[in-house]
Amino acid sequence: MRVPIEWIKDYVDLGSIDERKLIDKLVLTGSNNEGSFQTCEGIEKIVVGKILKISSHPNAEKLCICQIDVGTEVLQIVTGATNISEGDYIPVAIHGAIIANDIKIKRGKLRGEESNGMLCSLEEMGFEKSNIPKAFEDGILILDEAYPLGMDVIECLKLNESVIEFEITPNRPDCLSMIGMAREIVASFDLNLKKPATYEENAPSEIEAYASIDIQDSDLCPRYVAKVIKDIQIGPSPLWMQLRLMQAGMRPINNIVDITNYVMLEFGQPIHAFDLNALSDGKIVVRRAHDEEVIQTLDDKSRELDSEMLVITDGAHAVAIAGVMGGANTEISQSTKNVLIEVASFDKANIRKTSKTLGLRTEASSRFEKGVSVALPMEVADRVCYLIESLNAGTVVPGVLDSNPTGPKPVEIPFDVNAINRVIGSKISKDEMIGLLAKLEIETLENQGCVALIPHFRLDLQKQIDLVEEVARIYGYEKIGMTLPKLDVWGAKTNAQLIKDRVKFELLTNGVDEILSYSFVSKKDLDRIHLAESSLLRNQVALINPLGEEFSVMRTTLVPNILEVLARNSNRKNKAVRIFEIGSVFIPKEVPVTQLPIEKENLTIGLIGEHEDFFTLKGIVENVLTGLGIEDFTFEKELNHPTYHKGRCANIIWKGHVLGILGEVHPLVTENFDLSERAYLADLDYNILIQLAKEDKKYVAVPKYPAIERDIAVLVKDEISSYQIESVVKETAGSLLESVKMFDIYKGKQIEEGYKSVAYELVFRAEERTLVDEEVNKIFNKVLKALEIDLGAQLR
Amino acid sequence: MKEKLQALLSLATEEINASSNLKDLEDLRVKYLGKKGEVTTVLKNMKDLSQEERPLIGKIANEVREAIEVLLENIKEEKKASEIESQLEKESIDVTMPSKRLIRGHKHPINVALDEIFEIFLGMGFKIAEGPEIETVYHNFDALNAPVDHPSRGLSDTFYITEDLLLRTQTSPIQVRTMKNQKPPIKIIAPGRCFRNDEIDATHSPMFHQIEGLVIDKDITMADLKGTLDMFAKRLFGNQTKTKFRPHYFPFTEPSGEVDVSCFKCGGEGCRFCKGSGWIEILGCGMVHPNVLEECGIDSTIYNGFAFGMGLDRITMLKYEIDDIRVLFENDIRFIKQF
Numbered sequence: 096m097r098v099p100i101e102w103i104k105d106y107v108d109l110g111s112i113d114e115r116k117l118i119d120k121l122v123l124t125g126s127n128n129e130g131s132f133q134t135c136e137g138i139e140k141i142v143v144g145k146i147l148k149i150s151s152h153p154n155a156e157k158l159c160i161c162q163i164d165v166g167t168e169v170l171q172i173v174t175g176a177t178n179i180s181e182g183d184y185i186p187v188a189i190h191g192a193i194i195a196n197d198i199k200i201k202r203g204k205l206r207g208e209e210s211n212g213m214l215c216s217l218e219e220m221g222f223e224k225s226n227i228p229k230a231f232e233d234g235i236l237i238l239d240e241a242y243p244l245g246m247d248v249i250e251c252l253k254l255n256e257s258v259i260e261f262e263i264t265p266n267r268p269d270c271l272s273m274i275g276m277a278r279e280i281v282a283s284f285d286l287n288l289k290k291p292a293t294y295e296e297n298a299p300s301e302i303e304a305y306a307s308i309d310i311q312d313s314d315l316c317p318r319y320v321a322k323v324i325k326d327i328q329i330g331p332s333p334l335w336m337q338l339r340l341m342q343a344g345m346r347p348i349n350n351i352v353d354i355t356n357y358v359m360l361e362f363g364q365p366i367h368a369f370d371l372n373a374l375s376d377g378k379i380v381v382r383r384a385h386d387e388e389v390i391q392t393l394d395d396k397s398r399e400l401d402s403e404m405l406v407i408t409d410g411a412h413a414v415a416i417a418g419v420m421g422g423a424n425t426e427i428s429q430s431t432k433n434v435l436i437e438v439a440s441f442d443k444a445n446i447r448k449t450s451k452t453l454g455l456r457t458e459a460s461s462r463f464e465k466g467v468s469v470a471l472p473m474e475v476a477d478r479v480c481y482l483i484e485s486l487n488a489g490t491v492v493p494g495v496l497d498s499n500p501t502g503p504k505p506v507e508i509p510f511d512v513n514a515i516n517r518v519i520g521s522k523i524s525k526d527e528m529i530g531l532l533a534k535l536e537i538e539t540l541e542n543q544g545c546v547a548l549i550p551h552f553r554l555d556l557q558k559q560i561d562l563v564e565e566v567a568r569i570y571g572y573e574k575i576g577m578t579l580p581k582l583d584v585w586g587a588k589t590n591a592q593l594i595k596d597r598v599k600f601e602l603l604t605n606g607v608d609e610i611l612s613y614s615f616v617s618k619k620d621l622d623r624i625h626l627a628e629s630s631l632l633r634n635q636v637a638l639i640n641p642l643g644e645e646f647s648v649m650r651t652t653l654v655p656n657i658l659e660v661l662a663r664n665s666n667r668k669n670k671a672v673r674i675f676e677i678g679s680v681f682i683p684k685e686v687p688v689t690q691l692p693i694e695k696e697n698l699t700i701g702l703i704g705e706h707e708d709f710f711t712l713k714g715i716v717e718n719v720l721t722g723l724g725i726e727d728f729t730f731e732k733e734l735n736h737p738t739y740h741k742g743r744c745a746n747i748i749w750k751g752h753v754l755g756i757l758g759e760v761h762p763l764v765t766e767n768f769d770l771s772e773r774a775y776l777a778d779l780d781y782n783i784l785i786q787l788a789k790e791d792k793k794y795v796a797v798p799k800y801p802a803i804e805r806d807i808a809v810l811v812k813d814e815i816s817s818y819q820i821e822s823v824v825k826e827t828a829g830s831l832l833e834s835v836k837m838f839d840i841y842k843g844k845q846i847e848e849g850y851k852s853v854a855y856e857l858v859f860r861a862e863e864r865t866l867v868d869e870e871v872n873k874i875f876n877k878v879l880k881a882l883e884i885d886l887g888a889q890l891r
Numbered sequence: 182m183k184e185k186l187q188a189l190l191s192l193a194t195e196e197i198n199a200s201s202n203l204k205d206l207e208d209l210r211v212k213y214l215g216k217k218g219e220v221t222t223v224l225k226n227m228k229d230l231s232q233e234e235r236p237l238i239g240k241i242a243n244e245v246r247e248a249i250e251v252l253l254e255n256i257k258e259e260k261k262a263s264e265i266e267s268q269l270e271k272e273s274i275d276v277t278m279p280s281k282r283l284i285r286g287h288k289h290p291i292n293v294a295l296d297e298i299f300e301i302f303l304g305m306g307f308k309i310a311e312g313p314e315i316e317t318v319y320h321n322f323d324a325l326n327a328p329v330d331h332p333s334r335g336l337s338d339t340f341y342i343t344e345d346l347l348l349r350t351q352t353s354p355i356q357v358r359t360m361k362n363q364k365p366p367i368k369i370i371a372p373g374r375c376f377r378n379d380e381i382d383a384t385h386s387p388m389f390h391q392i393e394g395l396v397i398d399k400d401i402t403m404a405d406l407k408g409t410l411d412m413f414a415k416r417l418f419g420n421q422t423k424t425k426f427r428p429h430y431f432p433f434t435e436p437s438g439e440v441d442v443s444c445f446k447c448g449g450e451g452c453r454f455c456k457g458s459g460w461i462e463i464l465g466c467g468m469v470h471p472n473v474l475e476e477c478g479i480d481s482t483i484y485n486g487f488a489f490g491m492g493l494d495r496i497t498m499l500k501y502e503i504d505d506i507r508v509l510f511e512n513d514i515r516f517i518k519q520f
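Chains as they are written, first to last, in my numbering: chain Y, 96 to 891; chain E, 182 to 520.
A portion of the hints provided could be inaccurate.
Between beta-carbon pairs, the in silico distance windows are [said to hold, decoys possible]: (1) E511(E) <-> S630(Y): 24 to 32 Å; (2) R597(Y) <-> G304(E): 19 to 27 Å; (3) A671(Y) <-> K456(E): 35 to 43 Å; (4) G410(Y) <-> R507(E): 52 to 60 Å; (5) K229(Y) <-> S337(E): 40 to 48 Å.
Hint data in this document are derived by calculation from the structure and do not stem from the laboratory. Values in this document were obtained by computation on a predicted structure and should not be read as measured data. We put the CB at the ideal spot given by N, CA and C, even for glycine.
Build out the structure end to end from the sequences listed, making use of the hints.
Shown next as structure tokens:
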């Protein structure tokens with residue numbers, strides 16, 4: 096909401112309150128500031144001049160030479176302007192002036208003729224092009240008064256004050272008006288509101304002879320007020336009004352339209368003017384439209400209506416879409432003689448719907464959508480009439496047509512001073528509270544208790560709690576104390592939250608960075624990871640209105656996201672990338688989706704880099720699992736997962752349950768992501784991990800007795816897995832074996848094709864004594880024999 | 182005999198002093214003091230001496246032996262020290278060469294900021310509540326007193342899955358779920374992902390993060406709200422931080438407010454960072470609307486409370502002076518490794 100200070104002063108005497116003070120205070124009472132500007136900021140030395148003589152330029156057809164009286168002297172100025180005449184008062188940028196866009200004006204010669212300045216347009220004075228009226232669009236601003244020659248134009252047009260922009264919250268549509276903002280100023284600074292002058296009826300009503308109203312659907316039109324103006328003189332509105340409209344962001348059109356816009360900005364009530372002679376018999380009939388009823392609107396577009404929309408008709412034709420836009424057939428034109436002024440109230444939900452259905456949002460519709468008081472129309476109509484008469488734009492026909500003269504009953508809210516104080520945490524006395532409310536024109540009746548009488552324009556005040564905010568903001572949020580709530584509760588993370596911290600700790604200490612990626616993905620992502628057509632992960636939750644295909648379904652796996660990020664990093668030449676994400680996946684309970692899907696978290700880890708392989712990833716996974724106290728998990732080769740390298744992929748198994756999968760990514764999958772290096776992925780079911788995580792740890796004594804170590808190297812067939820060898824060793828060696836670990840694998844020279852040489856370190860230890868070589872040798876030989884028999888191993 | 186011993190001593194002294202390393206010294210020890218060493222031999226031959234001579238020579242022999250021992254010991258220590266010294270010299274390195282450090286992982290900056298916020302609120306007695314990213318229209322809008330025709334409900338603002346299901350546009354539905362599942366007192370913060378139908382640019386993301394807080398009990402006041410958020414702001418942005426509470430409007434709170442903090446860049450004097458105002462808006466807050474309490478099964482004549490919410494991405498961006506929200510979701514590790 097743009098509030099020109101110069102304009103607001105019509106309704107409230109600001110005295111010594113300057114712009115800064117005004118903004119700071121209003122921000123604290125609830126009107127947040129969104130900046131302020133001066134239309135003519137930075138502009139210097141543009142003065143009032145009078146054109147004494149215009150003569151043609153000897154060397155240029157399109158230029159002319161003006162003699163301009165600027166009070167102290169007569170300046171010769173060459174101009175290309177065509178809208179000027181001798182005797183006009185105009186703004187003149189004299190030598191040394193600065194005009195819009197920081198352009199300096201200097202004395203000089205134009206096509207050989209001396210030119211000592213420049214005649215200015217509104218744009219050159221700093222106005223936005225879109226707000227400049229047609230008459231001055233390409234020409235010089237012609238001043239409408241004989242201002243003192245040589246006087247600063249900015250000053251004499253009162254353009255030297257700021258326009259403040261306020262953010263108006265949706266609950267306060269009444270503040271989308273000068274008077275609404277003036278009321279906020281009045282309440283904030285304890286001042287008095289000056290209401291603008293209005294027309295007063297002083298003759299018997301004659302309006303019935305000119306017009307009639309018939310409201311057939313009063314549920315959508317709770318009030319309709321009409322006034323008639325005759326003998327209309329269409330012309331420009333006075334410059335002061337045009338300048339105010341422009342500063343508020345509206346483009347002046349003609350006196351009638353400008354007045355309706357001006358009063359709308361004053362009161363926040365949309366107003367429409369019909370060419371009365373174009374209404375059949377001066378009739379106004381307000382009814383729901385017929386399906387497929389067509390109206391040509393002011394913007395020259397043909398619009399098809401439906402039976403849920405409200406139209407204004409003249410009994411025969413639609414003449415306006417109620418509260419949205421007028422019809423072309425009744426538009427005010429240069430030839431308009433008589434006008435019907437419509438000031439009405441329309442149902443806000445209906446206007447919103449109409450505006451949305453038609454894709455037509457106007458200044459009027461957006462105001463009606465937010466809510467306009469039903470009590471406003473009469474006063475607003477009288478204000479329009481006053482301005483029309485005082486600006487000699489026409490003659491008001493005595494009398495008014497009003498569909499609902501009584502208006503709505505004022506809202507009464509009983510309130511309890513203590514209850515209000517209890518919410519605020521304050522000790523405001525009853526008298527003070529009544530005083531605070533009174534600043535907002537809320538009167539209080541005191542009988543048994545207090546009852547607040549809500550003024551008609553405050554549509555947002557319905558209940559006691561609404562009064563709390565009014566009391567608090569006028570009292571001042573800044574005066575409310577600061578305490579801490581005294582609650583009998585304590586702060587703590589849940590077990591699941593603590594476990595997540597542990598998982599992240601393990602990953603971070605393993606050098607894995609955390610990423611966050613979008614929850615919505617492309618449907619094609621699952622093709623890119625080669626997921627089978629029959630995969631359950633293909634049942635996805637789809638959005639009705641996605642931003643695009645690439646954000647159209649909710650993810651059922653984090654794998655594509657991780658690959659995407661790996662590829663992005665790889666393509667940006669980031670070497671050695673380890674990343675993880677713990678994030679939700681969304682599994683529908685049924686397709687199509689009708690109820691909330693299952694949301695569960697997955698943990699996916701991805702690696703690229705020359706030092707990475709299956710086993711670096713396996714190490715990270717093992718650290719995560721053991722970090723959670725999960726033991727006894729094994730890795731079983733997985734040959735059939737289409738996302739992975741079939742020779743380098745394993746399921747992680749715990750007591751028959753699959754905890755997840757890890758492996759090298761299939762080369763065609765990496766290719767799908769434009770990833771030109773090997774990538775490794777682990778995809779873990781995070782929910783199971785949380786369930787398996789153990790929190791208690793038990794101390795195991797550090798061994799007191801020394802261990803004996805033995806290395807073993809055997810030749811086995813390629814297909815014998817390390818797990819098989821370890822298992823045989825463990826089974827055979829018995830309880831004295833503390834650990835067995837592979838430390839070497841060799842294939843190649845001296846090793847027969849199809850075989851591998853593997854070496855293990857076996858550690859033996861007894862809990863209660865020092866082992867002797869002999870008993871270890873015995874076990875060791877047993878182990879060798881078992882390997883030979885069970886796995887066909889040959890000792891090397 | 183005596184002369185011989187003295188000659189041995191002086192010879193030994195000479196040889197020991199002349200020896201160049203620890204091995205020579207060991208050889209000399211064997212030569213003089215070993216089982217067949219020269220001093221030992223002298224002592225062994227004592228039996229040939231007279232009764233009178235024996236104690237005298239014995240004493241001298243022992244003295245010579247001790248003297249050689251002390252000599253050897255001293256010189257050995259000296260030699261050892263100098264040998265170590267020269268070894269250390271040889272092992273000298275260029276300390277400015279690059280280190281061999283383990284590369285640790287880094288949390289995403291949004292979660293670094295979130296952890297910091299957790300720490301503050303956990304310390305103030307809050308628990309952490311969570312909820313689903315896909316929500317019902319009821320939990321996301323209806324229960325929160327959002328007007329039926331509010332534009333935020335529209336397809337141009339909110340992502341829908343069905344007429345009744347949507348991607349939550351705020352973390353407030355977690356508050357609704359908490360109030361429905363738990364009796365007061367309630368003191369929670371609720372972080373999470375949220376979604377709005379915004380095209381991606383430097384300041385908009387269709388996915389973002391919020392964190393909200395909710396306190397419900399008997400006799401909770403706006404003063405409690407102010408005190409809590411003032412303490413939060415001071416702990417997050419530093420003790421010198423000032424807060425400004427301004428009235429605002431949200432459908433689910435009444436009264437409502439917004440909180441500005443004094444600009445942590447310029448301290449409130451006004452700079453480019455705070456667009457000259459000296460203040461930076463960080464959150465919205467208010468007293469929970471009685472309609473919301475009642476809708477969630479809490480008797481608003483007995484209980485009341487406050488709620489607040491802020492954009493976590495915005496806080497993260499403010500804290501680390503990140504000027505483009507898109508980098509948060511690009512996940513370039515050169516970015517993540519900075520936090």
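Evaluated hints:
no., hint, in the structure
1, E511(E) <-> S630(Y): 24 to 32 Å, "holds, 29 Å"
2, R597(Y) <-> G304(E): 19 to 27 Å, "holds, 21 Å"
3, A671(Y) <-> K456(E): 35 to 43 Å, "holds, 41 Å"
4, G410(Y) <-> R507(E): 52 to 60 Å, "holds, 58 Å"
5, K229(Y) <-> S337(E): 40 to 48 Å, "violated, 34 Å"
The structure shown violates just one earlier hint, number 5.
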